[in-house]
Amino acid sequence: NAGVTQTPKFQVLKTGQSMTLQCAQDMNHEYMSWYRQDPGMGLRLIHYSVGAGITDQGEVPNGYNVSRSTTEDFPLRLLSAAPSQTSVYFCASSPPTGNTIYFGEGSWLTVV
Amino acid sequence: AQSVTQLGSHVSVSEGALVLLRCNYSSSVPPYLFWYVQYPNQGLQLLLKYTTGATLVKGINGFEAEFKKSETSFHLTKPSAHMSDAAEYFCAVINMNSGYSTLTFGKGTMLLVSP
Chain A
181 NAGVTQTPKF
191 QVLKTGQSMT
201 LQCAQDMNHE
211 YMSWYRQDPG
221 MGLRLIHYSV
231 GAGITDQGEV
241 PNGYNVSRST
251 TEDFPLRLLS
261 AAPSQTSVYF
271 CASSPPTGNT
281 IYFGEGSWLT
291 VV
Chain B
612 AQSVTQLGSH
622 VSVSEGALVL
632 LRCNYSSSVP
642 PYLFWYVQYP
652 NQGLQLLLKY
662 TTGATLVKGI
672 NGFEAEFKKS
682 ETSFHLTKPS
692 AHMSDAAEYF
702 CAVINMNSGY
712 STLTFGKGTM
722 LLVSP
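Just so you know, the sequences run in chain order A and B. If you're matching positions, the first sequence starts at 181 in this note's numbering and goes up one per residue. If you're matching positions, the second sequence starts at 612 in this note's numbering and goes up one per residue.
These aren't lab readings, by the way, just hints derived from the structure by calculation. From a predicted model like this one, the values you see are computed outputs, not experimental measurements. Glycine included, each C-beta is placed from N, C-alpha and C at the ideal position. Careful, some of the hints might be misleading.
Claimed, not checked - Examples of chain A residues toward chain B, derived with CB under 7 Å:
id: 1; residue: M207
id: 2; residue: Y211
id: 3; residue: Y228
id: 4; residue: F283
id: 5; residue: E285
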């Protein structure tokens with residue numbers, strides 16, 4: 181049982197480049213979300229989805245796009261990377277009960 | 612909206628001493644509360660959670676937390692610290708306004724354990 185899988189684990193980007201962080205879950209969870217972690221800030225919600233075709237913004241959505249075409253996948257797109265997007269990104273999934281949220285292992289992104 | 616406050620960005624204890632990490636939350640409805648631990652350069656590991664039922668919750672690695680509604684607190688404790696407990700700890704509350712689909716995290720507390 182793979183759980184929540186994030187790729188890549190490490191990535192270095194140049195300012196202005198675009199990239200997609202992939203997130204896939206094999207638990208048939210309706211809910212999926214993306215967080216970024218910065219020193220002293222904890223984890224902050226970027227975007228989330230409560231089902232295929234449904235997405236919404238979180239606390240820090242600027243500079244990021246998402247879509248949810250299938251239940252399993254929830255990619256996070258950086259259209260034009262900026263140094264301020266250097267961070268650790270976590271994807272999560274959960275069933276509608278909300279009593280357990282499963283996290284991926286994180287993606288370390290550096291924008292130079 | 613829900614919020615979480617973790618008192619102390621760093622807590623230092625000696626090996627064998629009591630560990631107490633403080634977490635206060637705000638929520639307009641009965642909360643679901645979580646504690647996560649993160650070791651350096653690793654992901655998040657769930658320590659314990661409170662959803663309903665018994666207010667004293669036991670987790671992994673000897674940690675426990677007590678939900679106190681009157682104090683809006685969910686402090687994490689461990690009777691005797693071990694060197695391997697050195698890590699960053701995050702308290703989180705479920706977001707009602709996202710339909711229980713996301714978490715609001717505190718800013719984290721770094722636990723330092725000295726021999």
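Now for the hints, and whether the structure bears them out:
no. : hint : in the structure
1   : M207 : violated, 14 Å
2   : Y211 : holds, 4 Å
3   : Y228 : holds, 5 Å
4   : F283 : holds, 5 Å
5   : E285 : holds, 4 Å
Taken one by one, the earlier hints fail for this structure only at number 1.
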